[in-house]
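K.L.:
Listed below are the residues making up each chain.
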Amino acid sequence: MLFEYIAIATLIVLAVIVALIAIGLGELFGPKKKMEEKSMPYESGMTPYGPGTRRMPVRFYLIAVLFILFDIEVVFFLPWAIVFRQLGLFGLIEMAVFIAILLVGYIYAWKKGALEWE
Amino acid sequence: MIWEWLIKALVLIFTLLIGFGYLTYYERRALAFIQSRLGPNRAGPQGLMQWMADAVKLIFKEELTPDNAYKLVFFLSPVVTMVPSIVIAAVIPWGPPVTLFGQTFNQYVADINVGILYLMSIASIAVYGIVLAGWSSNNKYAMMGGLRSSAQMISYELTLGLSFVVVILMAGSMSLVEIVEAQREVTWFAVIQPVGAILFFIATLAEVNRHPFDMPEAEQEIVAGYHTEYSGMKFALFFMAEYQKMIVISAIMTTLFFGGYLGPGVDRFPWLGPLYMAIKIIILLFFMIWVRASWPRIRYNRLMAFGWKVMLPLALALVFITATGILLADTMGNPWLMAIIPVLSLIAGWIATLMVDRSLRRKSYA
Amino acid sequence: MTVDLILFLILALVAVATAAGMLFSRNAVYSALFLVLNFASIAVFYLLLGAPFIAMAQITVYAGAIMVLFLFVIMLLGAEQLAPIKVLPWQRPLAIGLAAVLVAETAYLLILRAKPAADIIPPAETVNTLGELQRLGMALFNQYLLPFEVTSILLLVAMVGAIVLTKREKGERE
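These protein sequence lines are chains H, B and Y, in that order. Under this note's numbering, the first sequence has 111 at position 40, and the numbering climbs by one with no breaks. Under this note's numbering, the second sequence has 366 at position 260, and the numbering climbs by one with no breaks. Under this note's numbering, the third sequence has -5 at position 5, and the numbering climbs by one with no breaks.
With the rest of the complex left out, here is chain H (with noise of 0.2 angstroms):
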């Protein structure tokens, strides 16, 4: 039963290890000569101001949270095909209750603006 997932955790390990190899090529085989002005941030040759990681815009959070629903909502949809033609009518209302609910939201959050990235 869990061997197929043995085989992934296999190929998981090996990808790690070749990542890892092409890394250690790189560090060994590459020149090490330390600059002040190498280690500084690039700012396409400015001298850097500021700290480098600054508080973000708040769509980002919006953009989240409706990612998170949706993708809810898609985990849904997925045994629901599998088993859609043994539910048949039933399962094509079930889940259009479930969307016609979750499209009330998302015409909320259409009119609101929130889908606008302004």
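In short, the hints are calculated from the structure, not lab data. Hints may be right or wrong, so weigh each one.
Label-pair restraints from in silico Cβ distances [unchecked claim]:
(1) H:V87 <-> B:P300: 37 to 47 angstroms
(2) B:W396 <-> H:P128: 15 to 25 angstroms
(3) H:M106 <-> B:S400: 41 to 51 angstroms
(4) Y:A89 <-> B:F392: 54 to 64 angstroms
(5) B:T459 <-> H:R156: 54 to 64 angstroms
(6) B:V117 <-> Y:L(-3): 26 to 36 angstroms
(7) H:F100 <-> B:F392: 28 to 38 angstroms
(8) Y:V4 <-> H:I88: 26 to 36 angstroms
(9) B:R290 <-> H:Q157: 47 to 57 angstroms
(10) Y:A104 <-> B:V397: 27 to 37 angstroms
(11) H:V87 <-> B:N440: 43 to 53 angstroms
(12) H:Q157 <-> Y:V140: 42 to 52 angstroms
(13) Y:V(-7) <-> B:L112: 15 to 25 angstroms
(14) H:F100 <-> Y:L13: 33 to 43 angstroms
Covered stretches of chain H (in silico footprint by chain B; criterion: 3 or more residues with CB under 8 angstroms from a CB of chain B, positions within the stretch not fixed) [stated by the list, open to error]:
(15) 97 to 106
(16) 135 to 147
Ideal placement from N, C-alpha and C gives every residue a C-beta, glycine not left out.
With chain H held as given, fit chains B and Y onto it using these hints.
P.N.:
For chains B and Y alone, kept in the frame of chain H given last:
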């Protein structure tokens, strides 16, 4: 047992690595062809060794780490970006089972019953590498690029997920092997789901940050985006991840919509399976390159609006159109009724195009 | 069974270690990353219990979506570096009390209400089959229909809440 897994995993990894090398060459040559140039033709015959020259060059470059970077995360994020791009390919079947040394081998690493969900989960993990690369560089451009990129990826992941649902509805299974076999009985799903295939293609372009959705790497605005501070092999890993994702996602699209390894004579000669896969993947990749050569970059607010206001509702509508079509065909007992799926979905797609067109005309800044 | 037990113990160790790492990290981003690892190890637990669908959904929804939101929020506030904050006086006793309740609850479920494992874990041969997924789907969309539909209301409330919190009225802008 363990040897079989190891060999399969190694074959997959090296196929993808060499595929990555030749994809960069293919892209540069194809772009050059479209733009009436020659492209790389010096290293080796016809420039076929170009990727090796590039690799050697990158190995001998200095690995820079900015002083105020978060060192550990800065080191790990290229790995976190590259690994999912390989691992996601584990469930793709490359051909029917083959007999070798009197033993039967399956041409996939794993066939799991939740294959599609596996694809979704690995795709969602891939976001981390990019957002962490942006954050750990402690650089304004990198941060902005990482956030942009991840916001874009998660927005288009929804469309991707819904087009998966459409395929599952058609095949009645989440295992990629069974999805391919389901297309043997019917026909390529792209014939029944033309709009689904197009939506999937557009969503994948956004998912792998390809043109015209390569906002995270918009040079004019944010230098190189999330990998601004990366150099040498760490940069190469990001590069590798992007191109491997292109290959893998074309393979997934082939599997879901274009019949996977199916083709004439594949049952008698199972080794033809990988060949058919390769041909289909190369054709799809050409479309990606063609798009890059032809279209300018889309502005970021348009990009997000397109994802949320056009792609998402259209994909949802497509799911319900497909469900209705299957229900009709099942209750009437006539499989030809499935034909309403392409008809209705093309109408829906046409209406969506018209609405986009209208909204672009109305806005004065269009 | 012993292989399962060893795997379980290793994973349990990883899960506890990552949870502790999440609590004790100074940097909020590292905390979030430890939590991702924690979710991943829990997904492997589900896999061991013969529930690949739940395992993959765990990674997709928790590790893939919710933690991305967490990272965004941390970056949004610029709150990577936690300044040492004053602990409220009643916080520690309350936390210990609640933890005790949780332990008691888990113990009650584990010891008194426990079902034999054979009732819960599907036999190994069927885990990777389509039938198992179909059983899940049929149960979800027949037996648990009402909770499923109520979920959509929950999602709706969350959506409206997020928009109300972040979006200013049209007039307010500029």
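K.L.:
Just pull the numbers of the violated hints for me, sorted ascending.
P.N.:
Violated hints (numbers, rising): 2, 5, 8, 9, 10, 12; every other hint is consistent with the structure.
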